[in-house]
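Residue numbers (my numbering), protein chains in the order written: chain A, 1 to 299; chain B, 1 to 256.
These are calculated hints, taken from the structure and not from any lab test.
Incorrect hints may appear among the rest.
[Said to hold, decoys possible] Between beta-carbon pairs, the in silico distance windows are:
hint : chain 1 : residue 1 : chain 2 : residue 2 : range
1    : B       : R92       : A       : M1        : 49 to 57 Å
2    : A       : C200      : B       : D28       : 20 to 28 Å
3    : A       : L36       : B       : L191      : 29 to 37 Å
4    : B       : S187      : A       : K115      : 31 to 39 Å
[Stated by the list, open to error] If you want the footprint, here are the derived chain B segments under chain A, 3+ residues with CB under 8 Å:
hint : region
5    : 203 to 209
6    : 212 to 219
Even for Gly, the Cβ is constructed at its ideal location relative to N, Cα and C.
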Amino acid sequence: MPSLSVDVGGLRLKNPVMLAAGILGTTGASLRRAALAGAGGVVTKSLGTSPREGHPGPTVVQVECGLLNAMGLPNPSYREFQEEIEIARTGGAPVVASIFGSSPEEFAQIARGLKADAFELNLSCPHAENYGSELGRFPAMVEAVTGAVKAAADAPVWVKLTPNTADIVELGLAAQRGGADAVVAINTLKAMAIDIESGCPILGNGLGGLSGQAIKPVAVRCIYELAMRLEIPVIGVGGVGSWEDAVEMMMAGASAVQVGTAMLKGYGVFEEITGGLSRFLERKSLELEELRFMAGRRS
Amino acid sequence: MRPLDCVIQEVRSEAPKIRTLRLDREIDPAPGQYAMIWVRGVDEIPMSFSGPDTITVQEVGIATQALFSLGAGSSIGLRGPLGRGFVLRGDRILLIGGGVGTAPLAFLGEQARRSGAEVTSLVGFRSSEEIIFETRFEALGDTIITTDDGSVGIRGRVAEGLKQLDLSEYSQIYLCGPELMMWDIISRARLHSGKIQACINRYFKCAVGVCGSCCLDPEGLRVCVEGPVVSADRLLESEFGRYRRGPTGGRGPCRG
Ligand SMILES: Cc1cc2nc3c(=O)[nH]c(=O)nc-3n(C[C@H](O)[C@H](O)[C@H](O)COP(=O)(O)OP(=O)(O)OC[C@H]3O[C@@H](n4cnc5c(N)ncnc54)[C@H](O)[C@@H]3O)c2cc1C
Ligand SMILES: Cc1cc2nc3c(=O)[nH]c(=O)nc-3n(C[C@H](O)[C@H](O)[C@H](O)COP(=O)(O)O)c2cc1C
Ligand code: FES
Numbered sequence: 001m002p003s004l005s006v007d008v009g010g011l012r013l014k015n016p017v018m019l020a021a022g023i024l025g026t027t028g029a030s031l032r033r034a035a036l037a038g039a040g041g042v043v044t045k046s047l048g049t050s051p052r053e054g055h056p057g058p059t060v061v062q063v064e065c066g067l068l069n070a071m072g073l074p075n076p077s078y079r080e081f082q083e084e085i086e087i088a089r090t091g092g093a094p095v096v097a098s099i100f101g102s103s104p105e106e107f108a109q110i111a112r113g114l115k116a117d118a119f120e121l122n123l124s125c126p127h128a129e130n131y132g133s134e135l136g137r138f139p140a141m142v143e144a145v146t147g148a149v150k151a152a153a154d155a156p157v158w159v160k161l162t163p164n165t166a167d168i169v170e171l172g173l174a175a176q177r178g179g180a181d182a183v184v185a186i187n188t189l190k191a192m193a194i195d196i197e198s199g200c201p202i203l204g205n206g207l208g209g210l211s212g213q214a215i216k217p218v219a220v221r222c223i224y225e226l227a228m229r230l231e232i233p234v235i236g237v238g239g240v241g242s243w244e245d246a247v248e249m250m251m252a253g254a255s256a257v258q259v260g261t262a263m264l265k266g267y268g269v270f271e272e273i274t275g276g277l278s279r280f281l282e283r284k285s286l287e288l289e290e291l292r293f294m295a296g297r298r299s
Numbered sequence: 001m002r003p004l005d006c007v008i009q010e011v012r013s014e015a016p017k018i019r020t021l022r023l024d025r026e027i028d029p030a031p032g033q034y035a036m037i038w039v040r041g042v043d044e045i046p047m048s049f050s051g052p053d054t055i056t057v058q059e060v061g062i063a064t065q066a067l068f069s070l071g072a073g074s075s076i077g078l079r080g081p082l083g084r085g086f087v088l089r090g091d092r093i094l095l096i097g098g099g100v101g102t103a104p105l106a107f108l109g110e111q112a113r114r115s116g117a118e119v120t121s122l123v124g125f126r127s128s129e130e131i132i133f134e135t136r137f138e139a140l141g142d143t144i145i146t147t148d149d150g151s152v153g154i155r156g157r158v159a160e161g162l163k164q165l166d167l168s169e170y171s172q173i174y175l176c177g178p179e180l181m182m183w184d185i186i187s188r189a190r191l192h193s194g195k196i197q198a199c200i201n202r203y204f205k206c207a208v209g210v211c212g213s214c215c216l217d218p219e220g221l222r223v224c225v226e227g228p229v230v231s232a233d234r235l236l237e238s239e240f241g242r243y244r245r246g247p248t249g250g251r252g253p254c255r256g
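Looking at chain A on its own, in the form it has when it is part of the complex (with noise of 0.2 Å):
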């Protein structure tokens, strides 16, 4: 069997197939049983400086071609879930707390207080006021908030990139000069669903983030703009379901993955994606590493 442990971003995983941020990520028991489902790595829902309840509902709706949502970053605060973080551990992979803030120092705080295997900078979630792409759109701020939390943290830091905007890769090359020891890329594209009946948007929010199948070929193109001018890794995130996903994703030069609206077919996805993924480099003779960004190097 190939080997399918990778290092990334500072830090080691048995294989790159993660848990994405805000996926079954409330709890320390379901990221453990993410875990020992066989994921490579899990990351929490994000976590703030105090406790909010989200938005009302209906906070998700399934759409033809992937799943629309506006949580609106529920959390107990980050004091709040070092607990389950704790627990989380106990599955045996790797626990990046996904942290969210509406400045540098909030970030800071956050970083300062919890203790976590890696931080993971959400500097893009579309639908809450004051928070995620509001900063994350503009490069100065991302490049503020990465130091300030690399100044703070003892830990890596990645930084959770949107793909609304004209040029991410512009924010990316402010995530490395902020000394971040990865990105991830892509949060949900900001989008909207209405209910013909009465007119209404559905959305409990009104706008809300469209992920899932629909947004793949758009992660594929960011994580390959990103891969071409960064030296920092790219972890790909967005519309993976299957190995095949996988593989596309790190040929477009991602070093690892992470998957989110695929958990609607549940735990077993971890195991599916790992074990394609494993058959097919046994078939094509090829190491992990040598698909990543193998698209770049063949265009």
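Using the hints provided, position chain B with the ligands relative to the given structure of chain A.
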């Protein structure tokens, strides 16, 4: 699935703060399954089916109040049927319910009766005014009623009624009601936990098994898709009856 537009055909008052809404379509739910009910402009909340085309709502807060303000002819959005419902096992079943939690049990009892099972019910309420579905349960078979104030039936909690029953006689026991009431029954009926199916509540947001809001410790059971009907065996080993998470995901006490 996008929310399905459903028109309310009829509104029936069951008790001062409990109403049954009949919808204009049958979406073929199994008893114990639920729907996410979207009150446009307000919120989307989980509701069990109390019949093939009905939900029975207790007014407790903003969204249920908004549902109460809707009359026949108004419409709601509905995602469902969702989750795993009750599984009928054997031909001599016992239903144990409390308050509005009796709603999915009445639906289950009627289905079980049609397929030939013998149905016994033990249902508890706060007082005589709060009794719902009395005639539905009585039509199914032997029915024991308890009220906290003793105004009807046995005085006291639902568990008081257990004294009149021999649990070993039943092929399967179905439970739904306030968490502490269910916990009380399960703890007393530990010996029979392998044949108790309980329909439980957690804070649901996505209802499709991705957000993590409803997960039950310590397994991380996704109640919205792997429940809401869960075997008592599993509940005995879980957070159930001890704590539950609210909208932030933080732990809080179990009320009622
Ligand atoms: C599977 C399931 C089936 C249910 N079936 C019924 C039923 O048949 N009849 C009925 O009257 N009620 C039922 N409920 C409870 C019902 O969903 C809540 O009473 C309702 O959501 C309250 O909303 P609110 O805005 O009026 O109250 P709020 O003021 O928002 O909250 C009051 C309490 O209701 C609970 N609650 C609020 N929102 C949710 C939510 N999204 N998910 C779960 N709990 C919530 C919380 O415990 C809260 O403390 C069910 C719940 C679940 C999970
Ligand atoms: C229900 C839901 C909640 C999410 N919550 C978060 C979050 O808290 N923080 C974050 O950085 N991304 C969050 N995301 C975005 C995902 O992590 C991921 O970037 C995106 O969904 C694309 O991947 P996918 O197509 O595999 O879902 C969420 C996505 C969904 C569907
Ligand atoms: S309510 Fe989202 S996982 Fe169950």
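Verification of the supplied hints:
no., hint, in the structure
1, B/R92 <-> A/M1: 49 to 57 Å, "holds, 53 Å"
2, A/C200 <-> B/D28: 20 to 28 Å, "holds, 26 Å"
3, A/L36 <-> B/L191: 29 to 37 Å, "holds, 31 Å"
4, B/S187 <-> A/K115: 31 to 39 Å, "holds, 36 Å"
5, 203 to 209, "holds (count 5)"
6, 212 to 219, "holds (count 7)"
Hint check: no violations occur; every hint is consistent with the structure.
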